[in-house]
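Visitor: Here is what each chain is made of, one letter per residue.
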Amino acid sequence: MNRRDFIKASAASAVAYTMGHSIFSSASDSNIGNVFVILLRGGMDGLAAVQPLQDKKIYDIRSSCIVENTLKLDGNFGLHPSMKNFSDRWHAGNAGIVHATGFDYYGRSHFEGQNLMEGGGGAPYATSTGWLGRAMEVSNLSSLALTLPTPLICKSTAITESLYPTNFKNPIFTDNDTLLKGIWKDDMALSKHTKSTLKSYGRYDNNNEPEWLAREVAKQMSQVGGPKVGFVEYSGFDTHSRQGGEHGNHARHLEKLDKIISSFASYSKEVWNNSIVITVTEFGRTAKENGTEGTDHGAASAIFLAGGLIKSSRVITDWPGLSKKELFEQRDLRQTTDARDVYGDVIHHAFNISKQNIKDIVFPGTQQKLNLDIWG
Amino acid sequence: MEKSADWISRRAGFGFRLGDDPISENQWFTNARKSIENNKSYISNNRIKPLLKSIKRGLSDEHRKIYSGITLNQTAGIVYRKQLEKEEKQALKDQEDPDRVFTLKARRPLWLSALRRADLCINTNQDFANRLWLFWLNYFTVSEANNNGTCIPHFHEMIRKNMFGSMSDLVFKVVSHSAMLLYLDNNNSTGDKSKARKQKWTTDGTNENLARETLELFTVTPINGYTQEDVNGMTNILTGWRVKDWDNVYKAQFVEDYHQPGTHEVLGKKYKSSKTGTRQLKDVVEDLIVLEDTARHVSFRLCQHFISDEPNPKHVQQLSAIYMNHKGQLAAVYLGLLDILQTLDHKQDKFLNPEVWAYQSLKTFNVSPPLGVPKVPSYGRFKLKNMDSILRELGLMHGEAAQPNGWAEVEEDWLSNEYLDRRVKFSALIGATSNYKSDICTSIIQNGFNSTDLDRFNLSQYSQTFVSDSRPFQSQIVALLCSPDFLRS
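If you read the protein sequences in the order shown, they are chains A and B. Taken in order, the first sequence gives residues -4 to 371; the numbers are from our numbering. Taken in order, the second sequence gives residues 194 to 682; the numbers are from our numbering.
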């Protein structure tokens, strides 16, 4: 496979797509899709998750991290065998993969990288709001984060509630309604959270497995007037040591990711048809395996996309190649597709935001010329 | 009238106990300066030694050493020991479940260290020193990973012992500690030209995780503009630092056989290998520590923790200059920080993180940290009767941060409905359930706050009226602890 050889996989299988009936009461809602974001902190290894099959250089630079028995995608790439449910979605025509993508960032710092992947700015710490928050603001949408803190990615003036399981039982104390409304009344920062905190108060559950969280997101998104955007975080992809190939650490993390996606898919029911799941990670990992059977911080990674909004499954990439001179500083996969263009195209289709607005507000400084060509 | 220390004790300490007489602001600062100048005196806590024999009998030798400082009273100690023994018996019964026994052994030091931390912060008068300790625990975040669990409490104690010396000594001890070497994957990092590789004892090579974070988080930060070559140099210097003897896991060592021999370069300076091996790492750390970028980073972090989410650049500069003048001698920096704190007005504008807020809440009402022993495995519905699970629920438990940059320092990151919900629920426990009772709570639940007590919190007129008007009286406790004025200091 040559560099700049633009790969467009054919749809794995053609499926008839029927529009699920709209569960939303308001007319405007039916035009707006649901976006479920999975933040993969630590830096997912795109080369292990979606392994190139034609670029044989990978066998020169990796040994213990090589994935055997990949699942079939398009002939040029193989999917990690932990991603069985995703594979089903792929074959149903409802999945996409963007490879060799990133945020135009080569600094290899988790924290700068995460700031970029959530803030969507051109430089680390350049913005205090998140790109999805800004997109929600433009479209007047609200979101639900299945996290304890509110992640930067959804910060803006749009409403993000969080929901996270707790072991704290509700104490024998009744009138917290009056209490919180009263005591926070004059405080700008706290009073914004009064309503949602009171909502949290009644909940009690202690299962914080990410697939359970995905189920909660799906359930709430399926409700009339429910949030249109959901977030869940999964940390642990920072596999510096003993990463493993088909099995092992990285495989386990991918299996979790697969469960999160499938849990969302099954509990979102008919809302699935109007949804898209996206993964976001700060960077990929070194193309070359390190000395402790792991991989260090690298550059480009891959993005997984799944959901009923996708009508034909494809791997989209402008493959940069794995030879020494093709790698960035002879070690990292180069970024040939700007992740901000990918997410821009996703929210353009899901939220009906014009590309101009995306360029001006959501991802300032980007071109937004990419069409993922998965929308049918 | 002399200004009272109530505000500064909440800003840079753990608040005050209702019922204790207020001290003056000057007195507070004098105490804080003394605790830094005579820092050794606070480390060994003599008043407590006889009290905790009972707890100590329930512990292994290593834990005994670590926890010889616990300050609980004797009755509490006996109760705690009995619960530990009960839990251990149960675990032994479940021998067929080796996971359970393993978890119990591995996690016990973490539970104990959470209890000890709460106890030291609430029950000793080393307010400022203890706050500095918590600051450094977060600055040098280590979480449970790669079997480092039993080393974490030891690591925390090491920081406590060394945080009044020089930054270079502290950073050297941090990066060469087992807890850190394991957490950031340095333990197997092996030089390609090392003896271990030549003799084929291992196929391992280098791993740059710790090297990169040492530059990024502990010293110069990316603003410095270091390159991959610098990370590689640092990585080579760190090869060979590892746990040599797992029976003595606290003692990491430099094992020359795994070290990449030769000269390595970091930020344009060359470092030769030395016979003892430790010199090379010490040298590079000493050089990194006296750089402006490190000075600014440490100063910024201190100002952000103690002064404001967005610190005044003048304050950062002032502290940074002191740091540079004293070549990273931390006691001088702390004294400089106290000087800045003394010039501040008393606006309540620094949001307290969940840990500091929880300790202040307990201390205010003279409630002891709860002494329950977590069940193993600790998932499932359990009652929040132990410090570590409470801190976990509130959102800040040292040793469990998701990433090496630790827990958030700014208000915006602590404001989410779920975090706030935990605080409301925790506040409502105080005075309401048997583990959280005290005479002060009982009196408030019967009669409400008296206004002199409430005055001490520097509440706004609105909050003050709202708290005093809350009924039943127990809700006055919740209203106070969740008031904007108490959540901030």
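Among the hints, erroneous ones may be present.
Derived pair list, reagent style EDC-like, types lysine to aspartate or glutamate, alpha-carbon separation capped at 16 Å [as the list claims (entries may be wrong)]:
1) B:K540 to A:D83
2) B:K388 to B:D450
3) A:K254 to A:E324
4) A:K187 to B:D450
5) A:K187 to B:E458
6) A:K187 to B:E605
7) A:K180 to B:E449
8) A:K364 to A:D333
9) A:K354 to A:E132
10) A:K364 to A:E321
11) A:K254 to A:E284
12) B:K475 to B:D502
13) A:K176 to B:D662
14) B:K437 to B:E422
15) B:K366 to B:E350
16) B:K196 to B:D632
17) A:K306 to A:E132
18) B:K386 to B:E449
Beyond 12 Å from chain B on every Cβ pair, some chain A residues (computed) [to be verified]:
19) V133
20) P144
21) T161
22) K164
23) L175
24) L185
25) R326
Computed Cβ-Cβ distance ranges for the label pairs, DEER-style [stated by the list, open to error]:
26) B:H539 to A:R237: 29 to 39 Å
27) B:K507 to A:K180: 56 to 66 Å
28) A:K51 to B:D385: 49 to 59 Å
29) A:T173 to B:Q220: 35 to 45 Å
30) B:K468 to A:K51: 20 to 30 Å
31) B:Q220 to A:Q218: 52 to 62 Å
32) B:R472 to A:Y120: 28 to 38 Å
33) A:K194 to B:Q510: 18 to 28 Å
34) A:R237 to B:D213: 51 to 61 Å
35) A:Q218 to B:N339: 34 to 44 Å
Hint data in this document are derived by calculation from the structure and do not stem from the laboratory. Virtual Cβ for every residue (Gly too), placed ideally from N, Cα, C.
Visitor: Among the hints numbered above, which are violated by the structure, and what are their numbers in rising order?
Guide: The structure breaks hints 1, 3, 4, 5, 7, 10, 11, 12, 14, 16, 17, 20, 21, 22, 23, 24, 25, 26, 27, 28, 30, 33; every other hint is satisfied.
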